[in-house]
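Single-letter residue listing:
Number of protein chains: 2
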Amino acid sequence: MEPKEHLKKLIRVARGLEKADLVLKGGMVVDVFGGKWIKNDIAIVNGIIAGVGSYSGVEEIDVCGKYITPGLIDTHVHPESSKLSPQRYAELVLSHGTTVIIADPHEIANVMGIAGVEYMAEEFAKTQLDARIMLPSCVPATTFETSGATINPKEISQHIKKCYGLGEFMNYPGVLNCDDECLDKILAAWYEDKRIDGHMFGVDEKDLNGYFVAGMRTNHECTTVAESLANIQRGCYVQLRMGSYTQNFAEMVGAVNSKNLHRFTFCSDDKSGHDILARGHINENMRLAVGAGMEAIDAVTIATLNAAQCYGIGRMGAIAPSYIANLVVFDDVVDFRVNRVFVQGKRVEKSDKSNTKKPTSTIKIKPISAKSFKDVRKDIAINFIKGSLVTERGIVGKDSNKLAVVERHKGTGNIGLCYINGFNLKRGAIAQTIAHDSHNIVVLGANNSDMAIAVNELAHVGGGITVVQDGKVIKILALPIAGLMADIDAEELATHLKELELATQKLGMDSDFNPFVSLSFISLPVIPWLKLTDKGLFCGEKFEII
Amino acid sequence: MEPKEHLKKLIRVARGLEKADLVLKGGMVVDVFGGKWIKNDIAIVNGIIAGVGSYSGVEEIDVCGKYITPGLIDTHVHPESSKLSPQRYAELVLSHGTTVIIADPHEIANVMGIAGVEYMAEEFAKTQLDARIMLPSCVPATTFETSGATINPKEISQHIKKCYGLGEFMNYPGVLNCDDECLDKILAAWYEDKRIDGHMFGVDEKDLNGYFVAGMRTNHECTTVAESLANIQRGCYVQLRMGSYTQNFAEMVGAVNSKNLHRFTFCSDDKSGHDILARGHINENMRLAVGAGMEAIDAVTIATLNAAQCYGIGRMGAIAPSYIANLVVFDDVVDFRVNRVFVQGKRVEKSDKSNTKKPTSTIKIKPISAKSFKDVRKDIAINFIKGSLVTERGIVGKDSNKLAVVERHKGTGNIGLCYINGFNLKRGAIAQTIAHDSHNIVVLGANNSDMAIAVNELAHVGGGITVVQDGKVIKILALPIAGLMADIDAEELATHLKELELATQKLGMDSDFNPFVSLSFISLPVIPWLKLTDKGLFCGEKFEII
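Sequence lines, in order, name chains A and B.
The letter at position 402 of the first sequence is residue 402 when you use our numbering, and the numbering goes up by one with no holes.
The letter at position 88 of the second sequence is residue 88 when you use our numbering, and the numbering goes up by one with no holes.
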């Protein structure tokens, strides 16, 4: 429709002179500006909200007894952590009411660089999900590991223009120390007037000022109320995170009060597809917030208006004339069960699976055999602690397992190798290509031969997660998209993950923790105290390979 | 300073590793994000706030016992209504703590068109005041009068790009009726993704939806609490106005509550320089709001953060790292007496007067003599009501005065002429070139000869306000810039206006009203019910010249 005809029609429908395309009748409609619910109709024409009031439409849907909110917004997410392809991810979160995500494809960027970022953007563009792509700022996370790609300041300069902003600036010590490369990346975003997401720990007044003076405006890493309030005072939006690994969401809700309400958003950061399936997406944040004592209207405001304001997303985050008709119909505002979802006035649909593009294999390794894992140092072991990402220094004992990190991007042949305690693997091996942030192959084993089989099997299928016992692959989940994602539904993913977990129990592991999640962080140098990368054992205290 | 050096210095100062350029020590510093005051230092470097905390600087100013807020923002103003040149206006409002204005030069645009808009932008650019120029959308206001210029949709298209947005869209009936010219102007703003200011009366649900669906996001015309709430629900920011003619500011403050606080801003709209001098600028809105029961912190938030968010003004409206160091030091937060003001970390200074550009005379009239005012219709008169802008239909009596509107832009010779009751002019004449919105010459007289002298005198000096008695000009204030403004200080303006008022009392007028203000609205057709333009008597009911 020609723009002027479109505008005329909007005005005429808003005034009640013409019928709307679609009217949602008689629901409790949220007014996020005034902080209240009003029983009313919503008139939609050409994907736009013409008005809230008393309307009739060509199509009318009775939503009496339901609650209508704007589409939910996830303000910080690495969608690759779902293990689902962008298209399957989009379908999943849309079904939970999320219509916009601020996506930082940091994981695939560590594997494929800019090409990975472009892949995510292209695939999301095929969906009804509005994914605003942030350019990953810190690839690789450290120089103590081999990643698949590097994004240097020059590339940031070249690509920032077409991205929505610069992704979470994790290297906050680099900022505080005025590291040239860090500042060049930040300046590249400044020059294009692009927003920069933050990632910062601590409450030191001077460090916070030193970090935020560089222009970051968000942070999803606060873990205490005091930290949240210190961030907010410095102009930062605090992103209340509920992902697969979040532990203290309810406590964090305690930071919200009537004066600072507008400085919070919700995010998921890292959330596996099976967790989204079981618990929800941003509607889980809302449910937990209300469970922790927050008014429902405030949870809705945080999930919609605040997020839109934080990220300058015009005509979204509210139900008002001229706003885009991204709408969620909830059965209730306690559990936030989604009844149906509209994107630009259209019901959400499943998309055609044949449409998914899959990057060719990203696994490049030198030949691996049992011998590859033979010579291990015995002077030290990692002590893994269940339920924690932090590890400790330990000694080799009879229950120690072998842990290896096999470089898988460039075929360097690098293998980091050590002993590790706490997993209690009695037999076999488990391996995976999800290993933050460089996503090399991490393999844990009770014997060298099964370790080699596991690694070779992953190389064969293009990455994934596998469990091997007595020379046989007893379970494998292929994640052929960059070794991180599969083009499968969340239901199928959940079944695979359940079977993987059962398979590890056959290897003698306890069932009270998830070894795949634990292994995915065992290679992340920035988390203390002792980690293994493809370059060897990394000590967080000395901040070097030891 | 090279950008990277600048950023390094910011970080090092923020971390306390280097001295700041300037530190304001020990004041109560507002945190508009958290809604609280904190006793702290503010460190400033290169015009930017590096941090709030404990700092030392090359220069330090003790502000213990004072209250520090961000620079105030006037979100809707026609600066010409001050009667001061942009440079003198800037000095005046800066002295009251206003550092940013959203300026809609609608008055000078009606006289000079786009050239007037450009003039204001150029003159403001010479000052420390950050004036964001909105392109006047409705010039002329109606077709029932002769203005100095027309800004048509094509000109809107040409000039919108370099303006901050499209100025208040006063012709709301035109929008509701899908008038082509109105929609073309709106679309011109849409295409360039520019904001559009609103101007809308009433509480009719469908009319409000019909207006706001066109994309307006602000309104300064609400006069009741119910109207404000209906506007807010529709995504509109309500601009609480305190100008020279506002009557119910305190009542309007009653619309603000803890849920909708963030949807209000302050504005002055039309405020004469002498009123700003006597009562303040946006700090008057704050004082009155607090007087009406609002918390000081909320008044500060409305005057700063809300305004910056409403107009997308980055790095302003708060005191936080990386924000621009526009700061106001207040003696107190009840009267909001300004102690000192900083713009980009520098104290506000008086500027050089020789720097003011003055447009050449804008007065073009055909020769006027006493005869010009001879033939007046006697079947009808305007009944002027003191204290109101609304007029009524009356009859000619012995106390009636003559009223004329002399077209002054194009030398058409148009003279609108009628009788008017209520001014009680016993002798002489008063005339002025301030006459909303076309700013022709309006002249009120007890005799034709003094009326002619008054008009000719204004033509001679390039516009202004004059009082004539017994063939002599007894007082004149020249406003040679477009017939609207003079390059004089507010103090001088106040003296002139006082003398003009005293002069009118010599003509027998009562002292309980301001005849110059009343006359400035007597020619505005959009205010009911009977007005006079250069084309004749206009009836608001019939919406035509009668």
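In short, the hints are calculated from the structure, not lab data.
Treat the hints with caution; some may be incorrect.
Listed next, the in silico DSS-like pairs over lysine-lysine satisfying Cα-Cα at most 27 Å (straight line) [unchecked claim]:
1) K162(B) with K162(A)
2) K346(A) with K206(B)
3) K206(A) with K374(A)
4) K161(B) with K161(A)
5) K8(A) with K206(B)
6) K194(A) with K194(B)
7) K154(A) with K259(B)
8) K162(B) with K194(A)
9) K162(B) with K36(A)
10) K4(B) with K66(A)
11) K366(A) with K353(A)
12) K36(B) with K206(A)
Here is what the structure says about each hint:
Our distance criterion of 27 Å between C-alpha atoms is met by K162(B) and K162(A), whose separation comes to about 23 Å. For the hint linking K346(A) to K206(B), the alpha-carbon distance of about 24 Å falls within 27 Å, and the restraint holds. Distance hint between K206(A) and K374(A) is unfulfilled; the C-alpha atoms sit about 48 Å from each other, more than 27 Å. The hinted pair formed by K161(B) and K161(A) meets the criterion: a straight-line CA distance of about 20 Å does not exceed 27 Å.
Taking the CA atoms of K8(A) and K206(B), the gap is about 14 Å. The hint holds against a cut of 27 Å. Restraint check for K194(A) and K194(B): the C-alpha separation of about 18 Å stays at or below 27 Å, so the hint holds. Only pairs whose Cα atoms come within 27 Å are accepted, and K154(A) paired with K259(B) is rejected, the gap being roughly 45 Å. The straight-line distance between the Cα atoms of K162(B) and K194(A) is roughly 20 Å, inside the 27 Å bound, and the hint therefore holds.
Proximity of K162(B) to K36(A) is assessed by CA-CA distance (about 38 Å); at most 27 Å being required, the pair is judged violated. A C-alpha spacing of about 54 Å is found between K4(B) and K66(A), which places the hinted pair above 27 Å, so the restraint is violated. Between K366(A) and K353(A) the alpha-carbon distance is near 34 Å, which puts this suggested pair outside the 27 Å criterion. Under the criterion of a C-alpha separation no larger than 27 Å, the hint pairing K36(B) with K206(A) is consistent with the structure, at around 20 Å.
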